[in-house]
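Chemist: Residue numbers (the working numbering), protein chains in the order written: chain F, 1 to 529; chain P, 530 to 1095.
No lab work stands behind these hints: they were computed from the structure. Heads up, the beta-carbon is just placed ideally off N, CA and C, and yes, glycines get one too. It is possible that part of the hints are untrue.
Below are the DSBU-like pairs computed for lysine-lysine, each with C-alpha atoms no more than 30 Å apart in a straight line [what the hints assert, rightly or not]:
| id | chain 1 | residue 1 | chain 2 | residue 2 |
| --- | --- | --- | --- | --- |
| 1 | P | Lys955 | F | Lys298 |
| 2 | P | Lys978 | P | Lys932 |
| 3 | P | Lys999 | F | Lys298 |
According to the in silico footprint, chain F covers these stretches of chain P (three or more CB under 8 Å from chain F) [stated by the list, open to error]:
| id | region |
| --- | --- |
| 4 | 580 to 590 |
| 5 | 651 to 663 |
| 6 | 697 to 708 |
| 7 | 772 to 782 |
Given next are the chains, with one letter for each unit.
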Amino acid sequence: MIRATILVSGDPQSLSRGAEEVKLAIEAELSFYGLANEIEVGFGGGVTRVDVLPTVSIYPEGVIYGPVKPADGAFIVEEHLYKGRVVEHLLLPTDALVSGQLASLPAGKEGKQYAEKRVLLRRVGVVDPYSIEDYVAHDGYFALGQALTTMTPTEVMNVVRESGLQGRGGAGFPTGLKWSFVASRAEETKYIVCNADESEPGTFKDRMILEGDPHAVLEGMALAGYAVGAHEGWIYIRGEYVLSKERLEQAIRQAEELGVLGDDIMGSGFSFHIHVHAGAGAYICGEETALLESMEGKRGTPRIRPPYPTVNGYRGLPTVVNNVETLANVPPIVLNGAAWYRTLGTKRSPGTKLYSVMGDVNITGLIEVPMGITLREVVDIYAGGMKAGKTFKCAQTGGASGSIIPAALLDIPMDFASMAEQGASLGSGALLICGDDTDIVDLAYTLVRFFKTESCGKCVPCRVGTAQMLEALDRLRQGYARAADLARLEQIAGYAREASFCGLGQAAPVPILSGLRFFREEFEARLRA
Amino acid sequence: MSEIHLKINDREVTTQSGQTVLEAAKSAGVEIPVLCHHPALSNWGACRMCVVEVEGMRTLQTACTLPATEGMVVKTHTEQTFDIRKFVLELLFSERNHYCMYCQMSGDCELQDQAYGHGLDHWTYPRPYEKQEVDATRKYFIMDHNRCILCSRCVRACTEIAANHTLGLRNRGAQTMISADLNVPFGASSCVECGTCLQVCPTGALIDARSAYGGREKDVTHTQTTCMQCSVGCDLDVVTRYNRLLRVDGVWDSAPNGGLLCVDGRFTPLYETRKRVVKPLVRKDGKLTESSWEEALGLVADTLKGSTCQGLAACATTNEALAAFAGLMTQLGGQAGRLEPVAPALGYGVPATVADVLDADFIIVAGAQPLEYQRVVGYFIHRAADKGATVAVIGDSENALNKRAALSVASAQAGVVAQAAADAEKIVLVYSVGIKPEVVAALKPLGDKVSFLALDPARNGKGAEAAGLKPQSPTKTDVAYILLGEQPVADALRVPAGFKVVQTAYHSALTEQADVVLPTPLWYERSGHVTTLDGVDKSLQTVLPAPADVRDESVVLAQLTALLRS
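Whole structure, please, built from the sequences with the hints as guidance.
Modeler: This is the structure in structure tokens:
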């Protein structure tokens, strides 16, 4: 008889902070007290806030401790499980995880949603990612069941379309519209591809979903398949995401055993199979057409568009390619309706958004907030302000391919349309917050070096342009560049943005262009007299 | 196909749906610069030279990939497109070693032409390139990576035209390189030396070992003729200068091969090492001695009169010569035949053309080795396999096609193939002399669903068929008249006749036995016709004149006929 379950956060962040040792300490202590038969121990997902990792959750009480050291683990067993007393000083504010309220938040002001709002992350760190029963107990596969029994495929598609869900991979394309392109195709075979090749530097939102709540992605894919008439789905997962892959594969097995995936799901006659395909470490394969090439066993280089994947996708057939976060949005939308979804976020960009916050701030990690909150709110409230002695200089959004945002834009609402109006992009949702000691030229150099390494080499402006931009930036850093060199750098950047084949090449010059736009004097200060 | 109207540079242009903007512009006489694009290859869109402005589109578009649509308004030559093209060229010149004066392509190089066209008068960008290795491990051509612009034309040619998949790209970004197989030297790779990559390279990166520095395009002469190395009958574009063969190219818009050649069509005849027969030879005192045509032909005519005679042709000559040969032998009351065996008739099915192989969905190869003897047909089978066709090989010996075959069985199991093919829509049976009677019988249930392509092992087998020549083996007669042409013969071939006349271009084991040897022209010295596998009569053009004492077989046979009449 199991009377309690202990989950130690088992994401790579936690593991690097000693989660394995914590688990071992707990297991040893349980044996010591003779509790091993009545209390099970396992790994769960992380809670996304890096500073409280690793965490230890104890059910059925729902008490969460963090950060926990191995010695604390033994203490928790003795106090909590043997003596039945909550260890107050190790306690993490449970509100932060379960009800979606960070305890440290000030009260929301009128008309603003301050609180971290958990839609996608509501189960992450709460359920055991290895347990489909846990997922089902937290409303899992309810949306799929509801769709298959009470809705037509068109109704499912319309809910998603009316919800205003936009692709979370970075471009913000309306998801329902993309689905309708594929649904309208006459081909018998269609595919759903989940883009889990999260390679944007500093972005780890998809990984947290895959590791903490893998079934949510599977359910989203099955719903997409039902809506557009596809019976096969592929998850293209970044090769380095070993843990995510393991959990996904386990989840697929469980779902097939339970009959929520596979042939004739829940007796509805609808069949949907999901396979996992691991990438091999190329950033370009996150670009959807290069991803499809890679899946077909070819060299990962972008395809000519048009035709788009909705017409000529995997194996030349109509294919929906959606990001992990996009697909994880689908079950709650189907379950709660488009109107509910539109209560979150802004009019133009409904819903919540995951941001991975890094840099010179007090709290780093993943947050889920409604679309449209400002960068200032993220920095001051969720990230706990700038580190002592530092002031905000700029933020780099969207990983490498986003843009540099200066302090002047701190109060712009962060949604796809508002950011685009400022010539910036939301991108993947990475937020690198830079303090006043950040050197913009060095930042641009680092980012361009990344693109030079990751360019696929297909088109000339990207392949050679990134090398030339890096060369010019290097000379600037070394102090050899003259004004003409800077002018030429700006020119290459402009041409490369204009002429490159795909998004990678078009994004590569952005650090230079936006750096020059907002911090030109820093570039000029490096020039040789 | 429907008509599409668009505006290119303020001019109304009408084109067909499915055409790209580049094609539409070309048909209207507007040249858009390209580097990675090649009309015989799929579109790639990578060099960005062909960028154009299209009204209503946010970014510049590549003309080579953009489908023309109704009402489109395109500007091909604007300040912006010029700047981008020049930028691309400046980047390419900074990437690797492009010092034109040391390059054999200088003057004919597409990169150089574009650079002149866009006013590149100095190196704009620093050139931090590393020296790349030159791969000279292949006999017929050299890969100089220093001059490569990574347009990937060669890769696409290898993939799409030859379907051999030897060439690819390795690494990424600035480290990208053209690579043979998994980065092995060219000479150790799976390359079949069809040379298509050579023909599509826009710069001096792929170098033909023979014609390099041999003359620019303005210096050389092009002559189109037909390949005589096997029965397929591909079109050749032979490049010459100073009465010397420089190079052989494929002809893109020709049937059946569409520009694809094989090593025997493109390279080996230019590296011929056999000793040429250039004068008539008569055996005197046991030794072959040079003589005049009068003497040699007089001796042959005298010997033929009143003797039993057998004529054997190697079918490596023109239709005209084969007809004259058959006619003369009949006139002499002798027997005339061909040396090579012939593929048997099936008794069912309909004849196929070589091109039919390309859109077959089930290809049966029985008793034939097209990758050895009719290579272009072999490459076509590979191409069909790439498109999804099932390849089934029937035979009792090793076949190079086995690698790509879904099914490979011995003759006794041919019925398995017949069953597998039963549901196919378009079945092509490629067979040759090796097909066993039990295979013919086993495939019979497929009946007229089968289109068959009988590969003749002789170079001009169809011409021999038209002349009524059937396979014969040498018999004991007074005189044997052997029409050999360029065909090599096995050392073991023994002709029992008392007096042997051999009409050939090269010394061989057979000339050693001969009493009279008469010289014949080589493939590029001939005129006349040959009949291809598809049954089409193609003409041979004299590319270079034959040596003074070499006469065409048909001429010699006519002279002999006249002598015998007198």
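Chemist: If a hint holds in the structure, say so; if it does not, say that too.
Modeler: Now the hints, each set against the structure:
The hinted pair formed by Lys955(P) and Lys298(F) meets the criterion: a straight-line CA distance of about 28 Å does not exceed 30 Å. Restraint check for Lys978(P) and Lys932(P): the C-alpha separation of about 26 Å stays at or below 30 Å, so the hint holds. Under the criterion of a C-alpha separation no larger than 30 Å, the hint pairing Lys999(P) with Lys298(F) is inconsistent with the structure, at around 50 Å. Given as covered by chain F, the region 580 to 590 of chain P passes the check, having 3 residues with a CB less than 8 Å from a CB of that chain where 3 are the minimum.
Counting residues of the region 651 to 663 of chain P whose CB lies closer than 8 Å to any CB of chain F gives 4, so the stated coverage by that chain holds, three being the minimum. Coverage of the region 697 to 708 of chain P by chain F holds. Counting CB-CB distances below 8 Å, 8 residues qualify, and the rule asks for three or more. Coverage of the region 772 to 782 of chain P by chain F is violated. Counting CB-CB distances below 8 Å, 0 residues qualify, and the rule asks for three or more.
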